[in-house]
Structure formats: structure tokens, C-alpha cells
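Fit chain B to the given chain A structure using the hints.
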Amino acid sequence: MNGAFDLRIGESHIEVHKFRTGAILFTALFALVIQAWFPLHFTRASLLDLPLLVTIYFGLSRRNPSTGLLLGTVIGLMQDSLTPTVPLGLYGIAKTIIGYLASSIGARLDTEHPAARFALTAGFFIVHQAVVAVTRRTLLAQPESWLSLHLFGAALLNGLVAVFLFILLDRLRRQS
Amino acid sequence: MAAIPSRHKSLVLLAGIILLQVLLLAVQIKRDSQGRLIRTWTVGAVSPFERAGSYVFGSFRDTWRNYFALRGTKKDNDDLRRENDALKLRIAQLEGKAAEVDRLASLLHFRQSQADVPMVAARVIGRPPVNDSLTIELDRGEKDGIRRDMGVITPDGVVGKVIETYPHTAQVLLLTDKGSGVGAMLADSRIQSPVGGVGEPLVTMKYVPNDDDVSVGARVVTSGMDKIFPRDLPVGTITEIKPGNPFKQIRVKPAANLEKLEEVLVLLTLHPLKQSDSAAQSAPAAANAAPPQVSNP
Numbered sequence: 001m002n003g004a005f006d007l008r009i010g011e012s013h014i015e016v017h018k019f020r021t022g023a024i025l026f027t028a029l030f031a032l033v034i035q036a037w038f039p040l041h042f043t044r045a046s047l048l049d050l051p052l053l054v055t056i057y058f059g060l061s062r063r064n065p066s067t068g069l070l071l072g073t074v075i076g077l078m079q080d081s082l083t084p085t086v087p088l089g090l091y092g093i094a095k096t097i098i099g100y101l102a103s104s105i106g107a108r109l110d111t112e113h114p115a116a117r118f119a120l121t122a123g124f125f126i127v128h129q130a131v132v133a134v135t136r137r138t139l140l141a142q143p144e145s146w147l148s149l150h151l152f153g154a155a156l157l158n159g160l161v162a163v164f165l166f167i168l169l170d171r172l173r174r175q176s
Numbered sequence: 001m002a003a004i005p006s007r008h009k010s011l012v013l014l015a016g017i018i019l020l021q022v023l024l025l026a027v028q029i030k031r032d033s034q035g036r037l038i039r040t041w042t043v044g045a046v047s048p049f050e051r052a053g054s055y056v057f058g059s060f061r062d063t064w065r066n067y068f069a070l071r072g073t074k075k076d077n078d079d080l081r082r083e084n085d086a087l088k089l090r091i092a093q094l095e096g097k098a099a100e101v102d103r104l105a106s107l108l109h110f111r112q113s114q115a116d117v118p119m120v121a122a123r124v125i126g127r128p129p130v131n132d133s134l135t136i137e138l139d140r141g142e143k144d145g146i147r148r149d150m151g152v153i154t155p156d157g158v159v160g161k162v163i164e165t166y167p168h169t170a171q172v173l174l175l176t177d178k179g180s181g182v183g184a185m186l187a188d189s190r191i192q193s194p195v196g197g198v199g200e201p202l203v204t205m206k207y208v209p210n211d212d213d214v215s216v217g218a219r220v221v222t223s224g225m226d227k228i229f230p231r232d233l234p235v236g237t238i239t240e241i242k243p244g245n246p247f248k249q250i251r252v253k254p255a256a257n258l259e260k261l262e263e264v265l266v267l268l269t270l271h272p273l274k275q276s277d278s279a280a281q282s283a284p285a286a287a288n289a290a291p292p293q294v295s296n297p
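Chains as they are written, first to last, in our numbering: chain A, 1 to 176; chain B, 1 to 297.
Please keep in mind that the hints were generated in silico from the structure rather than gathered at the bench. All C-beta atoms, glycine included, are put in the ideal place defined by N, C-alpha and C. Misleading hints may appear alongside valid ones.
[As the list claims (entries may be wrong)] If you anchor each label on the Cβ, the simulated ranges turn out as follows:
#1 B:Ser47 to A:Ala116: 17 to 27 Å
#2 B:Glu50 to A:Phe26: 22 to 32 Å
#3 B:Val12 to A:Phe30: 43 to 53 Å
#4 B:Pro48 to A:Leu149: 38 to 48 Å
#5 A:Ala130 to B:Phe60: 43 to 53 Å
[What the hints assert, rightly or not] Reference listing, derived: stretches of chain A covered by chain B, where coverage requires no fewer than 3 residues with Cβ under 8 Å from a Cβ of chain B:
#6 83-89
#7 121-127
#8 135-148
Here chain A stands alone, though its shape is the one from the complex (with noise of 0.2 Å):
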């Protein structure tokens, strides 16, 4: 498979994304080691989720709900499998969520506008951590705070982040 395609919903036309061989997979792995590492060195880095981003990004580019959600099952199982006090599934339910959303949104909307990135990146971050917290509190009965300024500042940061990291990402499209 070479470069994009347009896929063609209604009168718009949506480009669709192919990656070098291994791209997801590399990014996906080099996000979870940046994210174990990086809130060592930096504690205000821990705002930042960046197997999220990834996960949003790809979804979002590869506009294919089912790749889309069992990329979010796997970055999300291996971030929990990295965190010993977190239980296999916690991130890995709220991930699944996020690709199946992202890649379901952007089969639907031009998301290569870094305004919509921001935008995107900010909500799918506030939605991932409702969706945490609903498995906290209801499935694990363990205590967990919603919507907090905290939150909304963490969700701003991630968009920031998000519009500078998916146009290096955009590196590693095949061009067509």
C-alpha cells in the first residue's frame, strides 16, 4: 500500500493514511518508555499521556475504527502492564474507547488542522479521564475525583503538546 486514498463520505473527501512499516509499533513503544521516564526527571511531564496522543493520532490518520480501538487495547494494556499498582484493563478500557472515537471522528472530519488537533486532543484527554474514572469508581469501587481544574488544565497541556508531536508523527506518513 502506497501514500493515502481519499475516502469519500457525503460530499467531502477524506485522505487516509498509510505509515512506514513498524511506525506504530516503534511510536507506540518509544511513547511508553518517554512516558515512564520522563516524569523522573520531570515531575510536571506526568500531566502529559503520551501513549494517548499517539493512540489519538493514529486513530485519528488511519480513520479505521477497528485498528483504530485494538491499538488503543494494546498501548493501553502495555501502559497498564507497566504500572504495578494499576489492574490490566484500567487504561486499556479508556484507550480502546479513545481509538475507536478518534478514528471514528476522523473518517468523518478534517483533523490535519492543528486547531482541531488541539481541540481533539483536549476533549478525547477529558474523555479518557472520565472514562478512568468511571472504571475507578463504579467496576473498582476505588475513589476518584471527576472534572477538576487540574484536569482541564492537564487536558489544554496534552492539546498543546499534541499539536507539535503530530506533525512529527505526520514525518512517518507514506507520501503518496
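Chain B only, in chain A's frame:
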């Protein structure tokens, strides 16, 4: 089987994967008070069906037990009622037999105490259907040695005398009949006077002069003067004394229960009878219980 539309396949996949991860969470999580979450969920998911199944099964079972299984209950109930009636009848029969045994034992005891007196036991098999005729019919007759004018007694006292005999039965005129009479005397004072029936439960002692001391409760026994009953056979107890002219009007309650006779003894001789122990014992007691004598008019 209908194929899932392609646009829904991803949704089904999403639901499946989320479900798998929820189960994965449940397997891992162990709540302090309720055990593993998967167990809690499983129990929570299954128990409503179990309760529903139990309710439905219980309803069917109760319906079966309370309605269908009771179809034979009426028959069982009828059978049990019949059995109950039969048992009641059986109990009544046994009670009757027990009472009969007691009476026969009493007769036997009396018979053994009078071993030298020939007598035959007979069963009362009937009464005439005429109210003013105080007679009974026995199941023994001439073939058993019974003849007219023989005395009939029970261990308690005089019953009457044979007035008619047949080969296998005999008729007895009770002491209470108007035409009945027996030679009698007071057991203690030995004052003699015949006792006869008046057609009532009590008999009368007819010829006791007003001058004689007689008290209520005094025992009356046979005197042997009638040539039917031997001497000293209990006749009854004085219950009422009224002054008369020229004789006292004395009412005597028969010693034998003439209303409920079932077995009797027919005396086949006129030899004197020895007084039974019970009669001998009751004599002084009756004398002690006697009220003051009625004065003469």
C-alpha cells in the same frame, strides 16, 4: 444467520474488547469484604436468574402440591373418614367388650363364691316392645334347666323371676313390674315384709308397721319366704320412708341395675345363698350412713 453490517462490525468489536477487559479487571480485583470482583459479578449476574428460577420452580411446585397433587386428597379424606368411623366403632365394641368382661368377671366371682348353688348364666337378648311390661328375655331356656318361678339375680341383687320358658329362651318379670313381688326383710332388724313393684324404677316395701324402726339407707334382703329366692340376697336400699296407715310407705331402690341388664344368673335351686363379701361389707356402712329413724305417726 444475518451478517453484521460492516459499519457495525467495529462497534461489535469495541463492545467485545471492552467486555474482555472488564472481565480482566474483575479477575484481578479483590474487594476486601466480597472476594474477587469476578466472583461478585458472577454471583450478582447469576443470582437473579437463580432467584427467578427458584421462584418459578417454587410456584410450580406449590401449585402442584397445593392443587394438582391434592386431586386424590378427597378420596384419601373419605377413606380416612371411613377408617375413622370404623375405628370408632371398633373402640366402642372393645369398650363394650371390656365392660362385658368386667360384668362376666363379676358374675364368675359371684358364681365361684356360691359354688354349691346350681345356677346358670344367661344373656339378656331382648325386652318386649310394650312399655308397661317390665320383662326381659334370656338366651337360655328349658334345655338349660330353667323353669317357671325360678329366681333371676345378678351379683348386685334380685332381678326378678322367670314367668315363661321356651326350649332356648326364657322371659323374666322384673322386680319393678306391678305384678312382681319378693319376700324380703330388713338386713339389720330382720323385720319382714314383701317388696313389690309399682311400675316405676323404685319398688315398695309394703307391710312394715308404723311402730317398727326403719331408717333410710337400710338394706333390704330376701327372706326366703317366697320359695323363689334364697335368704339374704340383696334386694335394695331404702330411699324414702313416709308414715302410712297402718303401714309405712317405704320406697326401695333395687340393688340390681334393672335398667341396664345384660347378663344375669338364673337360680336353679332354692337353697340359701351365702351373703357375698361386698354385701357383708356394705351392710354396716349403709347402717352407719342411715339418717335418723322416722317417727311413727
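Hint-by-hint comparison with the structure:
no. : hint                            : result
1   : B:Ser47 to A:Ala116: 17 to 27 Å : violated, 49 Å
2   : B:Glu50 to A:Phe26: 22 to 32 Å  : violated, 51 Å
3   : B:Val12 to A:Phe30: 43 to 53 Å  : violated, 31 Å
4   : B:Pro48 to A:Leu149: 38 to 48 Å : holds, 42 Å
5   : A:Ala130 to B:Phe60: 43 to 53 Å : holds, 47 Å
6   : 83-89                           : holds (count 3)
7   : 121-127                         : violated (count 0)
8   : 135-148                         : holds (count 4)
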